[in-house]
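Asker: Just so you know, the protein sequences line up as chains U and E, in that order.
Under my numbering, the residues of the first sequence are numbered 1 to 172, in order.
Under my numbering, the residues of the second sequence are numbered 1 to 98, in order.
One or more of the hints may lead you astray.
[What the hints assert, rightly or not] Covered by chain U, per the in silico footprint, the following chain E stretches (three or more residues, Cβ under 8 angstroms):
#1 54-62
#2 89-96
[What the hints assert, rightly or not] Taking lysine to any residue pairs in the SDA-like style, the calculated list, with each CA pair at most 20 angstroms apart, reads:
#3 Lys-46(E) with His-88(E)
#4 Lys-73(U) with Gly-73(E)
#5 Lys-46(E) with Lys-73(U)
#6 Lys-54(E) with Gly-66(E)
#7 Lys-46(E) with Lys-6(U)
#8 Lys-46(E) with Arg-167(U)
#9 Lys-46(E) with Leu-169(U)
#10 Lys-65(E) with Ser-38(E)
#11 Lys-46(E) with His-96(E)
#12 Lys-54(E) with Ser-171(U)
#13 Lys-65(E) with Ser-134(U)
#14 Lys-65(E) with Asp-135(U)
#15 Lys-6(U) with Thr-19(U)
#16 Lys-73(U) with Glu-76(E)
#17 Lys-73(U) with Ile-26(E)
#18 Lys-46(E) with Met-60(E)
#19 Lys-6(U) with Tyr-148(U)
#20 Lys-54(E) with Glu-76(E)
#21 Lys-73(U) with Ser-51(E)
#22 Lys-46(E) with Trp-164(U)
#23 Lys-54(E) with Thr-19(U)
#24 Lys-73(U) with Phe-83(E)
#25 Lys-73(U) with Arg-75(E)
#26 Lys-54(E) with Arg-170(U)
Think of the hints as simulated: they come from the structure by calculation, not from any bench.
Backbone N, C-alpha and C fix where the C-beta goes; we use that ideal spot for every residue, glycine too.
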Amino acid sequence: MTRRFKPPIFATTKKGVTTWSLNIGEDEQAVVADLLGQLRTLLASDDDPDVPTSPLLDRLFPNAYTAEEDAEKEAEYQRLMREELVASRLHQIEAVATYIASGEEQTLDESQVIALMQSVNAVRVVLGTMLDVSDDDDPDDDLDDDEYEIERRLYAFLSWLLEWIVRSLRST
Amino acid sequence: MPTTLEPAQVQEPDLDDVPASDRPWIVLVWNDPINLMSYVTHVFQKLFGYSLEKATELMMDVHEKGRAVVASGSREEAEMHVFRLHEHTLWATMEHDE
């Protein structure tokens, strides 16, 4: 091996300014963009009173209050904050989608990396909910003959990417 | 006198030192099988300014004991923490401190 492995995302600091480079191919970027588009659709359906809220979104919008006796505060919280949480997610997705759609090898700033981190994790959480991931899951389980093989591979891909995103933010 | 500088000490908010009446609400993070350990640690550092050691300790508490108290404060403060944790897709709730 003559070339050293370059991480899928890494930070570079020049003259005190840190920028990030996304080092994944066009195909992988298209996969991320496609998944974010699906999440955006799912989030938009949350706003439609005629469509029941998808159970896949449960983990994206947990209750704020632990105790049942705080149900009134919970209702108030959801009334004020749920929309804001949806807006925040859509904003982050938009930031990443715009970057990927630009198609150029430009660097990312910290806010874009954080948008990428939150969006990638939101998709992971939806996929993980769909796959009913548990602490006992063995990542080396045979994926063949699994009806969710594709989702499992996407989940693994996003976990790998997220791990490197966190590492790139830590290194600064 | 040591000739090298001591590493900067990060001021840890010590929950035990604050009177209970000033921190009526606690913010809990619950274990879930999806969020990565490194990610959870990073979010704790970023949102609460904890050192790597403190954030790792809290993350391990979440992982092993099922939950950890990560912050406390007034209802408004706690709601804001919960919101920011939810933005990061962590499973967080708040409750009145007994």
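Asker: Would you mind marking each hint as holding or not holding in the structure?
Answerer: Right, here's what the structure says about each hint:
Residues of the segment 54-62 of chain E with a Cβ under 8 angstroms from some Cβ of chain U number 0, which does not satisfy the need for three, so the listed coverage is violated. Coverage of the segment 89-96 of chain E by chain U holds in this model, with 7 residues showing a Cβ closer than 8 angstroms to a Cβ of that chain against a need of three. Between Lys-46(E) and His-88(E) the CA atoms are separated by roughly 11 angstroms; this keeps the pair inside 20 angstroms, and the hint holds. At most 20 angstroms may separate the alpha-carbon atoms for a hinted pair to count; Lys-73(U) and Gly-73(E) meet this at roughly 16 angstroms.
The straight-line distance between the Cα atoms of Lys-46(E) and Lys-73(U) is roughly 27 angstroms, outside the 20 angstroms bound, and the hint therefore fails. Between Lys-54(E) and Gly-66(E) the CA atoms are separated by roughly 17 angstroms; this keeps the pair inside 20 angstroms, and the hint holds. Between the alpha carbons of Lys-46(E) and Lys-6(U) the distance comes to roughly 26 angstroms, so the proposed pair goes past 20 angstroms and is violated. At most 20 angstroms may separate the alpha-carbon atoms for a hinted pair to count; Lys-46(E) and Arg-167(U) meet this at roughly 13 angstroms.
For the suggested pair Lys-46(E) and Leu-169(U), the alpha carbons sit about 10 angstroms apart, so the restraint of at most 20 angstroms is met. With a C-alpha separation of about 17 angstroms, the suggested pair Lys-65(E) and Ser-38(E) falls inside the 20 angstroms cut-off, and the hint holds. With a C-alpha separation of about 24 angstroms, the suggested pair Lys-46(E) and His-96(E) falls outside the 20 angstroms cut-off, and the hint is violated. The straight-line distance between the Cα atoms of Lys-54(E) and Ser-171(U) is roughly 18 angstroms, inside the 20 angstroms bound, and the hint therefore holds.
With a CA separation close to 16 angstroms, the supplied pair Lys-65(E) and Ser-134(U) stays within the 20 angstroms bound. Proposed proximity of Lys-65(E) and Asp-135(U) is supported: the alpha carbons are some 14 angstroms apart, at most 20 angstroms. For the hint pairing Lys-6(U) with Thr-19(U), the CA-to-CA distance comes to about 16 angstroms; that is within 20 angstroms, so the pair holds. For the hint pairing Lys-73(U) with Glu-76(E), the CA-to-CA distance comes to about 11 angstroms; that is within 20 angstroms, so the pair holds.
At roughly 15 angstroms between alpha-carbon atoms, Lys-73(U) and Ile-26(E) fall within 20 angstroms of each other, so this suggested pair holds. A C-alpha spacing of about 17 angstroms is found between Lys-46(E) and Met-60(E), which places the hinted pair at or below 20 angstroms, so the restraint holds. Taking the CA atoms of Lys-6(U) and Tyr-148(U), the gap is about 30 angstroms. The hint is violated against a cut of 20 angstroms. Distance restraint check for Lys-54(E) and Glu-76(E): the Cα-Cα separation of roughly 24 angstroms exceeds the 20 angstroms cut-off, and the hinted pair is therefore not satisfied.
A C-alpha spacing of about 32 angstroms is found between Lys-73(U) and Ser-51(E), which places the hinted pair above 20 angstroms, so the restraint is violated. A threshold of 20 angstroms between alpha carbons decides the hint, and for Lys-46(E) with Trp-164(U) the separation of about 16 angstroms falls inside it, so the pair holds. About 27 angstroms separates the Cα atoms of Lys-54(E) and Thr-19(U), which puts this hinted pair outside 20 angstroms; it is violated. Between the alpha carbons of Lys-73(U) and Phe-83(E) the distance comes to roughly 14 angstroms, so the proposed pair stays at or under 20 angstroms and holds.
With a CA separation close to 10 angstroms, the supplied pair Lys-73(U) and Arg-75(E) stays within the 20 angstroms bound. Of the supplied pair hints, the one linking Lys-54(E) and Arg-170(U) holds, its CA atoms being roughly 15 angstroms apart against a limit of 20 angstroms.
In summary, the numbered hints that this structure violates are 1, 5, 7, 11, 19, 20, 21 and 23.
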